[in-house]
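Residue-level listing of the chains:
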Amino acid sequence: MSGDRLRHTWPERNPFPAQATTSQAEQPADTSPDESVSHLPTAELPVIKRLHEVFAAYLKEFTREGMNHGQVAFLHGDHGTGKTHSVLYLLNHVAGEPSKTGTVTYRFYVKAQDNDFLDIYRRIMGQLSVTALRNLSLRFLGTLSAEQAGRTFGEEAATSVLERLRENPDRVFALYDRMVVDPGAVLEAQASELDRVVGGREDFQRTLTFLLDPALETAAYEWLVGRNVATRDASRLGVSGPIGDPQLCRYGLQLLVAMCARIREAIILVIDQCERLIFDENDDLCMPNVGLLASLVEAVPRENGMLVLVGSEDAWRVVPRDFRQRIGLNDLLSTILTPDQAIELLGAYISAVTGETAAGDPYPFSTGAVHALLTASSGNIRRLLQLSWEVLDQAVRNLDQAVPDDLITADDVELTTGQGRGGIRRDEAERAIERLLLEEGLTFERPWRRGAVKADYAVPSGTEPRLLIRIMDAVFYDDEARGALSSLSLLQQVRNEGWPTRVVLVVLGYCSPAVLSRLKQAAHDVIVYDGAAATEQLRTIAEQLPSQTEQASIADRDRLDEIYQALQLVAESRDQEVRGLRSELNSLLSRISETSAPAGGRGNWVQRRQQLLDRIADVRELRRRDQLADVETAHADAERDRRNRYFVVAAVIGIPLFLVGILIGSWPIQSLSSVGAVLGFAGLAVGLVFTCLPFTRRTLWSRSLILLPLGACITAAGVGFFIFYLGITYPYTYTDRPAVQALLIALGLIIGTGCVLAGISVLRPQPARKLSRPVDSFERLTQVTRSYVEATSLGTYQLEAALKHADPHLRYAGIVTVKSSELRDRTRRDHGSDGYDRESDPPPLSGRRDSYDRALARQFRVEPTVILRREAARALGTAPPDLVEAVIQDGIRENIAEIVYLIEIAKVPPVSLPTGNDQSTSPATVLAGWRQSAEGADSADNLLWYILKHAINVDSEKEFWTALKDSYGGAQDPSLWSRLRRIPERSLRQAATILSPFEKGGLGTFDELSMISEIDNMYLFVEQLIFYRELSYGDEQGPS
Amino acid sequence: VTHEDLPYWLYDLTDRHPYRTRPLDPYKRPEDRNRWIDIDGFAMLGRVLGRLQAAAEEEEPAFVVVEGRDNTGRTSVANYLLDKYFEFRGVGDRHVITHVAVGDYLEYSWALAAMVGLQNEVEDKRLELESKLTDTLNRIEEIPEAAYKLRFQRIARALSVQLANLDEPHAFGVLFEKVFKPEFIAAAQIIFQKSPALIVFTHDAYDHALTAASQSLDQAQFDEDVEIVHLRCLTGSQVCALADGRWKKASSLDFPFDANGLNELFRDKPIKKVMGWLGELLNYKLKEVRDDTVPWPDNKGLKMDDLWLTATFPLIYKP
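Each protein sequence line maps, in turn, to chains Z and E. First residue of the first sequence: 15, per the working numbering; consecutive thereafter. First residue of the second sequence: 695, per the working numbering; consecutive thereafter.
For lysine to aspartate or glutamate, the following EDC-like pairs were computed, each having C-alpha atoms within a straight-line distance of at most 20 Å:
1. E:K872 - E:D719
2. E:K875 - Z:E202
3. E:K1012 - Z:D191
Calculated from the structure, these hints are not laboratory results.
Work out the full structure: start from the sequences and follow the hints.
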């Protein structure tokens, strides 16, 4: 077996990371690359590649004029699949100088710790220093000032002012002094922008402005970053109090993004472990936070920023559908490794140390060992590398004993992973150190800093520390040397200060002999932390500390320099190894990427097309539901009004009649009962007033005021019964009035009962009762409406009345009634095939039909629900041509969107479009224009060509578009592709907007058009062209 | 006369050109009193001056808000009103004025600044106040913020009484630059309610978070005791009236600007900018005259016709 192997050299040190997890301190959002992550061996895994593409697209687009040029992405996957590593690597990759092409000035990374959104806000904003935030505010003001100057002096002057302000933002005050721009006007422009971004919260503009005032700078900064501000400071700033409301935090983040975008600086916000925000402590969905994240997902790209959410699979699965829809194509799945990928990955790490290149050979691991590692790690990259470190570490210890054929087998893996230490985690070491220091009764500070001297723990003694502990976490093996160099600078600084401080270096997991020996020469103590034994070492040091009067000396300056040189050499040599490793990993993972991603751009388009189709189906379903919900809400209101009306009639007529009957029976009124009589008649009067006055009736139907007449009548009834009781007591006094009394009481009972029964629909016919019930679909509504019309045989006048009815179900009956169709059919039969033979004698029914059509047209204009407007428009399709033309013109002029349904079906001469209409790209105008044009008579396919030519003024021939479509978006034909590239991308995007099924006013949002499938195809075609354009960037040959 | 001044002197402009952009302040520079030009339809101060005269005669406080956008001359108008008020009071130059640049939303801080400013002015003018009042003013910061308005009211009243009782009676006035919120004015009304003094505020007539909304000033936040002066940009005829008026007060020679040119260039512009541009045009012309062969002091050399103004203005009007 060893003869088949290509490798024969064991790595001289463990090439794997002991703690294969990427950690990142939240750092100031500065422009420089972060050294702590810049060295990470990172390869272009498929997910990194895709995220990189999103970053690139953002950096390409965010400076474009207007809004909505930002990006949002959701990176999700199981724990340990390298999400954090991917995003940190890319964040570092795009770090750079302000305004330098392809770089991001403002990068914010934050890891959620719990579901406290305020904490997230504070930690993001806290990454900006006072100076940085002031600078941002000042540059924002400068941009607005330059624009203000541009309005007076022209574009050229604005550019020149902007350049000067970029060099020195403080010059904006000189512009004010020289009266080039008015500060008040600039603040007014700022207020106008902030109104959109922060929802009109004036506190933000005040603090942004006071940030520029040295007297209030600190207070304004504290407020803006979400810290507590003293009441007096809040009063001075004119703010209501510190930011405590998560909604305000959202506005604050939106403001940050908007300011960056306005000064033409890219901004990327990364919220890692967002599942902690999405779920609460009981693992239930935390809807307030989901809502806030959804708002950010919408607002950040709108303001030309970029938001990256990093979270678990669970988090991605549970967020609402519309949330996922907003993420769109940028949902990025971080996946586990396959066996071949694992073999190549381990081989790459090992090669970096041994210098032997042999793809596909993971020596000293056997293939079985790799499979066992893969099983134990579940394909999780982090865990795989961590376990590999453990297994190799154990194998080195056992090298002299029992590794057969010098090869690590599956058994070795199982043995080690069975008793594995589970990796060395920094937080575990920190807990152990803290517990130990507390047990020893030592007060400590963490983290600790004096000037440039920083340590993780310090045990203070007066002004000087007695003990400093520095933790070195070697994430990847080249870290080890870097960490050592950094620790050396700590030792140097302690020596320079002349402190008698004991310095302990704690190395997490692993330290190679070369580095360890050097460190031991320099520091007092070096502990390789691998569990309890290391803790005991530290305990010994701590126990000695209180009695220690004389410190072991740190190596002298020359010695430190010497050690520094030696470690520098180690670091450099490892840098070379890392470069080799990166190169090999990149090559390996590119291959992985190629095999796991669909081939070429076309494959991606297929995927994207499917996503778009799914999204279209989703959005249509939602729209249908919303539209039906509108109808049903209006119907429920109307039904409630109807019932209330009956009940009130019962109350104000039935009950008083009943009472009057009783009163008559009780005559003569005795002094005691006169009050009851007055109240009874007063109740009657109130009831009548409420019934008769339209205003009070309207109020009454829907409000609890109905209790007023009812209460009055009930009071009267009570008094009346009392009188009746008196009448029973002395029956002999009322002998001449029983007939009138009985008649009135009976009438009151009949009217009251009848109204109540009518109110609850008992007296209505079955179809009407069905029509009064709520429906769950449009189809069901159509069915019950038709049943109702069939059963009730409504005449034309009733139909016209139905059109004006408060209940949308009845209005719908008036619109789609079978009767009206029959009406037309009869007219057609009698007066020619088209039914509109005006030259002949007027048909007997034409007057009535015209009246109905006019009522329908009127209803179309005033109808509040979308569904009924649409159906009215369709029903008008068979109305007289002059009426149709008038309705179309009115509809376009009054911007009634559903007019498109009538335009689509109307058989009318060319409509003269309203003059002065500036909505040349509105769906109605486009559709009407197309139908009038020669192309309109052709086929629906020509609609796209019409839109490009007439609505967007793209000069191209119909044949070109036909050929382009036949050539699968031109992807296969270089000549077509080069012609396509001459069409501005903006025009294609405009065409997509006109055809869009998502954006308000897009033709595709009129879901019930008979040509909707053709419109969808055109939309997808344009999206495909845009997709290829994005894919190929500067490629003249077209997408591969 | 310096070499630089010489051209101005030759054109009878002994104090250089008359188009200065700094606010008129008769309190600091008595000669500014002569520079005020009544421009028809600009500030429309008739009603306000009537109110000030009545307040002065009845020894009551008066409150005025001068409202306008940037560079519309708010501070000059405020200073003019203060000057007229003291004239109505019959104290002439025997007055004490403090300007307070309101810099935040805390009413207490600017009210305190006003009281301290008045005390400083009193001391600068070496006016003798009773020792008790002086002690109170010296310890004014110790007054608790919760009750400052009524305590300040007593101090302001005592100050006004003692200033009036001096051998040479004095009066005082306060100018608050900027009103962040209407409550500022309400607080000032309480503090100076019992002091015969003029309190003037300037207000940024903009719609943003750093100024009180104009509507809120107009509404019933404070009653009719407060007069509001609205300042607007100048019309074409107002520009000509201003330029001509200032010129005539400075020089006996003919007005050099062409009225049509001024109307064309500067109508609907704020007064301070107009003044600045007029000054720059005149400087430019004087320089041109000096460099050219036109013999001075012939005033024809200064003449700026329509064509010249239109062609030259873009040269000096740059960001």
